[in-house]
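Throw the hints in and build the complete structure from the sequences for me.
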Amino acid sequence: MYFVVAGGGEVGYHLSKALLEAGHEVMIIERDRRRALWIEEQLGSVVINAPADEGKYQIQAGCQRADAVLAVTGDDEDNLIISQLAKLKCGANRVIARVNNPKNEIVFKAMGIDETLSSTRVLMGVIEQELPTGGFMPLMPLTRSDLEIVEAEIAAGSPAADREVEAVGLPAGAHIGAIVRKGKILHAHRDTKLEVGDRIIVFAPTAVEQEVRKALFG
Amino acid sequence: MNVVIVGCGRTGAFLAELLDKGGDTVSIVDVERSAFKRLPADFKGTPVLGDGTDMDILRQAGIESASAFLSLTQGDNRNLMAAQIAKKIFGVGQVFAKVNDPIRAATYRGQGLYTFSRTTILGTLLHAVITGEKSIGPNLMKAAMKHDEELSADLPSVGR
Chain S
0 MYFVVAGGGE
10 VGYHLSKALL
20 EAGHEVMIIE
30 RDRRRALWIE
40 EQLGSVVINA
50 PADEGKYQIQ
60 AGCQRADAVL
70 AVTGDDEDNL
80 IISQLAKLKC
90 GANRVIARVN
100 NPKNEIVFKA
110 MGIDETLSST
120 RVLMGVIEQE
130 LPTGGFMPLM
140 PLTRSDLEIV
150 EAEIAAGSPA
160 ADREVEAVGL
170 PAGAHIGAIV
180 RKGKILHAHR
190 DTKLEVGDRI
200 IVFAPTAVEQ
210 EVRKALFG
Chain A
0 MNVVIVGCGR
10 TGAFLAELLD
20 KGGDTVSIVD
30 VERSAFKRLP
40 ADFKGTPVLG
50 DGTDMDILRQ
60 AGIESASAFL
70 SLTQGDNRNL
80 MAAQIAKKIF
90 GVGQVFAKVN
100 DPIRAATYRG
110 QGLYTFSRTT
120 ILGTLLHAVI
130 TGEKSIGPNL
140 MKAAMKHDEE
150 LSADLPSVGR
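Chains as they are written, first to last, in numbering that gives the first Met the number 0: chain S, 0 to 217; chain A, 0 to 159.
One or more hints might be untrue.
Unchecked claim - Output of the computed footprint for chain A on chain S, the stretches with three or more beta carbons under 8 Å from beta carbons of chain A:
id, segment
1, 40 to 54
2, 143 to 153
As the list claims (entries may be wrong) - Lysine-lysine pairs mimicking DSS-like chemistry, simulated, CA-CA at most 25 Å apart:
id, chain 1, residue 1, chain 2, residue 2
3, A, 36, A, 20
4, S, 86, A, 87
5, A, 87, S, 88
6, A, 87, S, 108
7, S, 102, A, 36
It is worth saying that the hints were derived from the structure and are not from the lab.
Please read all numbers here as calculations on a predicted model, not as lab measurements.
Where a beta carbon is used, it is the ideal one built from N, C-alpha and C, also for glycine.
In structure tokens form, the structure reads like this:
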């Protein structure tokens, strides 16, 4: 696949390196001349030294034919405008934007940029997975919807333990997609009883995340 | 009229003063406290310290009851982001954004924002004055120069 990476900072550089190693084609747009030269020394001729928020350089980098444009600078306002221009001016197939301030996820969505990645959220997910009492981890948002996938572990004392799936009391719109028990996947039928130690995969509207948490952890 | 201005630079502070003197209610947002020194001592509006692309700061500046919003910081992208928040999230009626890159200004004009580029405004005006084009130049220049004189007359030490 072909990716345009807007911004060759730490995130942009390592992301591009990983994509190249995985056999993809990459073009990085980096504003700073010295940084661009350094990336070229490391990765070869995969850099354009130009501002990524100008249509003509986006076209030069091939945003119009890229499988995805990844806006990953350290500034949310730049990532927003880069993403919008890639859509408006280049007709990019797919745009994914890095959001530094998690508050801005809503802003980006309202402005037509559906696919955002917030490093704060990703880190929160990792931390929650590692915490002994946590056991509740938003795995990922579902593209082009306000839904997300959540993984949760049924701990002793959970209000959902020893209850049947239909009696768990999840909020409207939330469904248990699968149950992982002793390394095997079980279908979540209405009358399947949840056991302590089960890990469940829940599909839920992002807005009711807190209610899902409450139904599973009290 | 309630007006929210983001960016208390020369232009923002000047416009805030004009609107304030004309009886409008003005809030002006800037990330630098020292920027508010540009406002006159008798300014009756509200300076708000914070990031103009942050919805909570904009709420604090009274954006929910504003009928006009102007983003006049030095960053084109910041202005475009703030202006889109004003328009699409808060539904402000008149939304203006300073976008010095003419191409970006034109792109977002189609999205319901009143964008303008200092580059082309000033260039067009000067061109009109130089070439003697009567319909654009003279009146605007005259109005702007009158403001210059008023501002300079406000300073007691100037010319003495």
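Checked hints:
Counting residues of the segment 40 to 54 of chain S whose CB lies closer than 8 Å to any CB of chain A gives 3, so the stated coverage by that chain holds, three being the minimum. Counting residues of the segment 143 to 153 of chain S whose CB lies closer than 8 Å to any CB of chain A gives 0, so the stated coverage by that chain is violated, three being the minimum. Pair hint residue 36 of chain A plus residue 20 of chain A holds up; C-alpha atoms about 17 Å apart against a cutoff of 25 Å. As the CA atoms of residue 86 of chain S and residue 87 of chain A are separated by approximately 18 Å, the hinted pair is consistent with the 25 Å bound.
Distance restraint check for residue 87 of chain A and residue 88 of chain S: the Cα-Cα separation of roughly 20 Å lies within the 25 Å cut-off, and the hinted pair is therefore satisfied. With a C-alpha separation of about 11 Å, the suggested pair residue 87 of chain A and residue 108 of chain S falls inside the 25 Å cut-off, and the hint holds. A distance of roughly 30 Å separates the Cα atoms of residue 102 of chain S and residue 36 of chain A; the hinted pair therefore is violated under the 25 Å criterion.
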